[in-house]
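Heads up: the protein sequence lines correspond to chains Y and A, in order.
Taking my numbering, the leading residue of the first sequence gets 1, the next gets one more, and so forth.
Taking my numbering, the leading residue of the second sequence gets 1, the next gets one more, and so forth.
I should point out that these hints are in silico values taken from the structure, not numbers from a laboratory.
Everything numeric in this text was worked out from a predicted model, so none of it was measured.
Treat each hint with caution, since some may be false.
Output of the computed footprint for chain Y on chain A, the stretches with three or more beta carbons under 8 Å from beta carbons of chain Y [as the list claims (entries may be wrong)]:
1. 5 to 11
2. 32 to 38
3. 80 to 92
Built from N, CA and C at the ideal position, the CB exists for glycine as well.
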Amino acid sequence: MHESVDEHLLERLLQSNEELAEHNREHFEESGAFVLNFMSAPGAGKTMLIAATANALADRFRICVIEGDMVGELDCERLRQLNIPAFQISTGRSCHLDARMIAQLLHERQLPDCQLMFIENVGNLVCPAEFPLGEHLRIVLLSVTEGDDKPFKYPVIFRKCDAVIFTKCDLLPHVDFSIERASRFVQGVNADAAVFQVSALSGQGLSAWVDWLSKKIAEGSGARDRLLVR
Amino acid sequence: MHEATIAANILEVVSGRIQRLDPAAQAKSVRVRIGQFRNVDSQSLTFAFDSMKDSYPFCAACTLVLEAVAAVALCHHEKHRYEPDPDMAYRCPRCGSSIGMLLLGEELDITDIEVEVEAVNSEVDHARVS
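Model the full assembly from the supplied sequences, consistent with the hints where possible.
Pasting the structure below:
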């Protein structure tokens with residue numbers, strides 16, 4: 001005998017992550033922390049830019065970093081050597097951070113009272129886009145050594161971010177990377193994204209990014225409306 | 001490889017629903033709708049699903065049925081619909097503006113679960129749960 005029910009089930013997948021992200025968000029707002037989710041391919045310079053940004057803002061904000069890596073604490077150690085409080089999440093086999101990992105860290109560890117928190121996601125231009133963590137802003141880094149076509153090839157992560165930072169721009173004279181072409185691809189999928197050109201090594205372009213971030217922190221605005229929107 | 005997370009999530013939903021509705025049933029199939037702008041590789045998702053389904057109650061014989069949803073965007077300027085094309089850098093083919101609101105293409109939903117029920121008289125019933 002066959003039986004069929006007309007009413008269709010419609011159950012959103014990954015909803016539990018979004019609910020936990022909302023929980024994290026409430027936690028951040030209660031503690032007064034403005035939170036950034038830094039995403040990029042491996043080696044784009046996330047840790048270095050976080051260190052440079054933290055250095056530029058250290059006089060104005062208490063800062064803390066959560067590091068996501070599959071293995072080890074190398075990035076954490078780099079930041080701690082610069083006197084930046086850093087906490088490691090080792091994801092093991094997982095290629096991205098998810099809201100549960102952040103919630104677990106928040107509940108198990110006593111993080112210092114901070115006003116500005118950087119979450120450095122696992123290096124990956126695909127999976128992190130699908131897992132909001134409770135952040136206020138999503139920042140995607142693209143180093144000029146990776147090629148200017150990445151926003152075209154990985155549109156989802158660039159579509160879901162608030163700012164795109166082209167990093168390692170001191171290398172521009174030596175690589176075949178067109179800022180104009182890369183910007184055009186970014187704008188194609190995300191007209192609202194702010195775009196910056198930075199070299200954390202030389203300091204080039206850092207002030208424009210830091211000024212924009214400072215304004216966003218002051219406004220307390222960001223990805224709130226986007227957190228649960230698909 | 002976030003497809004493994006999604007596969008586990010599908011299996012949790014299927015297993016949980018059958019547990020609540022009819023623990024004598026077995027899942028026969030689950031239909032999942034995936035938008036073009038969801039970064040999901042269907043082969044990886046199917047592989048992960050089939051590798052994991054034995055570990056979830058009621059799911060060992062479940063088949064994953066995927067329905068791809070092409071993206072449809074609404075042009076900012078002219079308010080007409082179009083399908084964002086990578087060859088056009090996803091821009092509006094008429095006016096060249098960037099992608100605005102996506103009307104379709106960001107789905108990641110279970111839309112249907114088909115179950116097989118061992119009836120009292122040993123006949124096999126097929127049913128859908130919702």
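*Residue count check for the region 32 to 38 of chain A against chain Y: does it reach three with CB-CB under 8 Å?*
holds (count 3)
*Taking 8 Å as the C-beta cutoff, is the stated coverage of the region 80 to 92 of chain A by chain Y satisfied by three or more residues?*
Contact hint for the region 80 to 92 of chain A vs chain Y: holds, 4 residues under 8 Å.
*Coverage criterion applied to the region 5 to 11 of chain A (partner chain Y; beta-carbon cut 8 Å; 3 residues)*: n = 4 at 8 Å, threshold three: holds.
Consistency with the previously given hints is maintained throughout, with no hint failing.
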